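Peer 1: Just need the whole structure built from these sequences, with the hints factored in.
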Amino acid sequence: MPTLIELKDGVAQVAEDAFLHVADDQDLAGGDVIVSLSRFQAEGESLLSDGRRVGVRLEAGEAVEALAYDLSRLALVALDFPKFGDGRSFSNARLLRERYGFKGQVRAVGDVLREQAGFMVRVGFDAFEPADGANSNEWQAATRRYHHVYQRSADGRTPTFLERLS
Amino acid sequence: MYQYDALDREMVADRAAEFRGQVARRLSGELTEDQFKPLRLMNGLYLQLHAYMLRVAIPYGALNPTQLRKLAGIGRTYDKGYGHFTTRQNLQFHWIKLRDTPDILDHLASVDMHAIQTSGNCIRNVTADPYAGATADEVDDPRVWAEVLRQWSSFHPEFSFLPRKFKFAITASPKDRTAARVHDIGLVMRQGRDGALGFEVIVGGGMGRTPYVGPTIREFLPVDQLLSYVEAILRVYNRHGRRDNKYKARIKILVAALGTEEFTRQVDAEWAKIGEGANLPEAEVARIRAAFAQTAFETLPTRSEAFEAARAATSGLARFARNNLKPHKRAGYTIVEISLKGIGETPGDASSEQMEVVADLGERYGQGDIRVTHEQNLVLPHIKLDDVPAVWAALKGAGIATPNVNLISDIIACPGLDYCALANARAISIAQNIAEKFRDQDRAEKVGELKIKISGCINACGHHHVGHIGILGVDKKGEEFYQLTLGGSGAEDASLGAMLGPALPYEKVAEAVDTLIEVYLRERKGDERFLDTFRRTGVAAFKEAVYADAH
Chain V
33 MPTLIELKDG
43 VAQVAEDAFL
53 HVADDQDLAG
63 GDVIVSLSRF
73 QAEGESLLSD
83 GRRVGVRLEA
93 GEAVEALAYD
103 LSRLALVALD
113 FPKFGDGRSF
123 SNARLLRERY
133 GFKGQVRAVG
143 DVLREQAGFM
153 VRVGFDAFEP
163 ADGANSNEWQ
173 AATRRYHHVY
183 QRSADGRTPT
193 FLERLS
Chain F
28 MYQYDALDRE
38 MVADRAAEFR
48 GQVARRLSGE
58 LTEDQFKPLR
68 LMNGLYLQLH
78 AYMLRVAIPY
88 GALNPTQLRK
98 LAGIGRTYDK
108 GYGHFTTRQN
118 LQFHWIKLRD
128 TPDILDHLAS
138 VDMHAIQTSG
148 NCIRNVTADP
158 YAGATADEVD
168 DPRVWAEVLR
178 QWSSFHPEFS
188 FLPRKFKFAI
198 TASPKDRTAA
208 RVHDIGLVMR
218 QGRDGALGFE
228 VIVGGGMGRT
238 PYVGPTIREF
248 LPVDQLLSYV
258 EAILRVYNRH
268 GRRDNKYKAR
278 IKILVAALGT
288 EEFTRQVDAE
298 WAKIGEGANL
308 PEAEVARIRA
318 AFAQTAFETL
328 PTRSEAFEAA
338 RAATSGLARF
348 ARNNLKPHKR
358 AGYTIVEISL
368 KGIGETPGDA
378 SSEQMEVVAD
388 LGERYGQGDI
398 RVTHEQNLVL
408 PHIKLDDVPA
418 VWAALKGAGI
428 ATPNVNLISD
438 IIACPGLDYC
448 ALANARAISI
458 AQNIAEKFRD
468 QDRAEKVGEL
478 KIKISGCINA
488 CGHHHVGHIG
498 ILGVDKKGEE
508 FYQLTLGGSG
518 AEDASLGAML
528 GPALPYEKVA
538 EAVDTLIEVY
548 LRERKGDERF
558 LDTFRRTGVA
568 AFKEAVYADA
578 H
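Those protein sequences? They're chains V and F, same order as listed.
Quick note: our numbering has the first sequence finishing at residue 198, numbered continuously throughout.
Quick note: our numbering has the second sequence finishing at residue 578, numbered continuously throughout.
Hints listed in this document are in silico derivations from the structure and should not be mistaken for laboratory results.
All the given hints hold, so there is nothing to weed out.
Counterexamples of contact, computed for chain F against chain V with all Cβ distances above 10 Å:
no., residue
1, ASN91
2, TYR109
3, VAL166
4, VAL250
5, PRO328
6, ALA333
7, VAL501
8, LYS504
9, LYS552
Calculated pairs, DSS-like style, for lysine-lysine (alpha carbon to alpha carbon, straight line, at most 30 Å):
no., chain 1, residue 1, chain 2, residue 2
10, V, LYS115, F, LYS275
11, F, LYS300, V, LYS115
12, F, LYS300, V, LYS135
Note that the structure is a prediction, hence the values are computed from the model and not measured.
All C-beta atoms in this analysis are idealised placements derived from N, C-alpha and C, irrespective of residue type, glycine included.
Peer 2: Next up, the structure:
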């Protein structure tokens, strides 16, 4: 089980994971769960009515639009990085935050390395399951390497073109 | 020129510090080469046949003298005393040691330079017209928009892990010196009837093993909409471009698979959702524009008596003036193009001493402005005609007054088998052999504009698909062979070359080019270029002549 690092008010810390990743062929136990999109589409109503918190894991090739009508009922969306270089989940994360205003947790899972931490935070991820064994200090350092940003993004940081006006 | 402010500088310093840490982890063994590779590739550091290669970014090919001197110094200290200017207007050092790279990046940062996004599957260095701000035929200064794109694309949080690399070119002149139509995105500025500025947006051009001249997906994009629109294009590509096969991962494959109409529909749908908020505020565009305002021009007569007298007296200067000077928008000024294609030299290479000479000339005579062209030459864009004799003499002294711009020996060639692990065949020595064959400058001038482009493998870094004569190195049972194509162009009349016939052995290539030229000189009408004659007559006569000997 990988370590879970959560970002709260800009501080990365190791957190107790209340959620259980449940594979499609695995029986559902009690408690908070993260299930695949297809399982959510099949069993979502009953899961949500169980009084537990529900998260959905989207593969990199699955579009966040598929969750558009359910987001308000989800506690968490986990976005997968099948490998380091597959950047599709960056778009999904940003759309979750900017286009759908999703307020729950957006968690990076899969081949999640500290070298991408800064980008992940910028597009709206606030929880991470690092695959490289990074601890919270290393993760924190990786998210704070750059003092400035050139673009607007989901993290709300002030881009250079606005900094220059002040 | 654009000057970095404190914020731009801190971005570069932060990157240099980050990379120093990563190199330390690699040298200590904490990172394996496999783990380190994606990190070094984000910093322009490649492992080639013999050594590391470091590719330094030169945004839109613009340098000041201090920067060029710094590159010369790095070449002298950390390389073998030279550097190689590339078709992305960048500079490569081919003989770098890993342990030196953090220091090199610090040196670069000290003059506002870096190697950010010169490799990897991200938005690469944005290229622009090397005559920007100097040529009379532009409708706007494309560097303004190239700088807007540079900032927007640097460390872009969403678009740094694209399916494949992504290249922009931008020009504001009807004469395209950027190969805009064979880029992932080509932006060609236009002025509407009401005077408003916009971009023709061309998407999905490219070379490599599947070459395309890109289709236009929007005829006129108002300039203030640039960032929201390119965000839409990049998002459609990031989400839907293929990732299962690196040879099918460029945006050209997505555009071709969906069809231009469907691709455009998807981009427009995404664009509508993005909205105005993604565009750059006018104040920032104005700040960037102000940085490019030229104020140092003097009011001069159109004709310079000093220059006219010097060229009448010196045939070498006259020849240089015919081939390497281009018209400037201001009376009494000229654009000087410096060929890095000396006969027998490696195309695009410049020694540290040569770089220093150009830096000095730029400082003394050229308003501190120096450019790199995608055809691997240098440009002093603002030289007074009065100063041309002195500039020419200094260039001649440094061995870089070769009067062959746009002529047959002004060849683009990739590094080929001499450096590159991907190559099948040598490219540089083919270029040298052809240049040698056309050493006679009268004959070269008689032939006129001719673009030969040579790639050592199908990845087409030498742009052979768009050469008037393209030459592609192939491997046939361990031997170097070369496939010739004719009639390509990367300019405003873009097209892909057509295959001439069976591949030729190494020693036959220069001779075949010679034969093609003879056919052209025989067939041409009026002032047709080689390309025009070929397009009019077709391939038959050329093919027959080249392969006649083989029968």
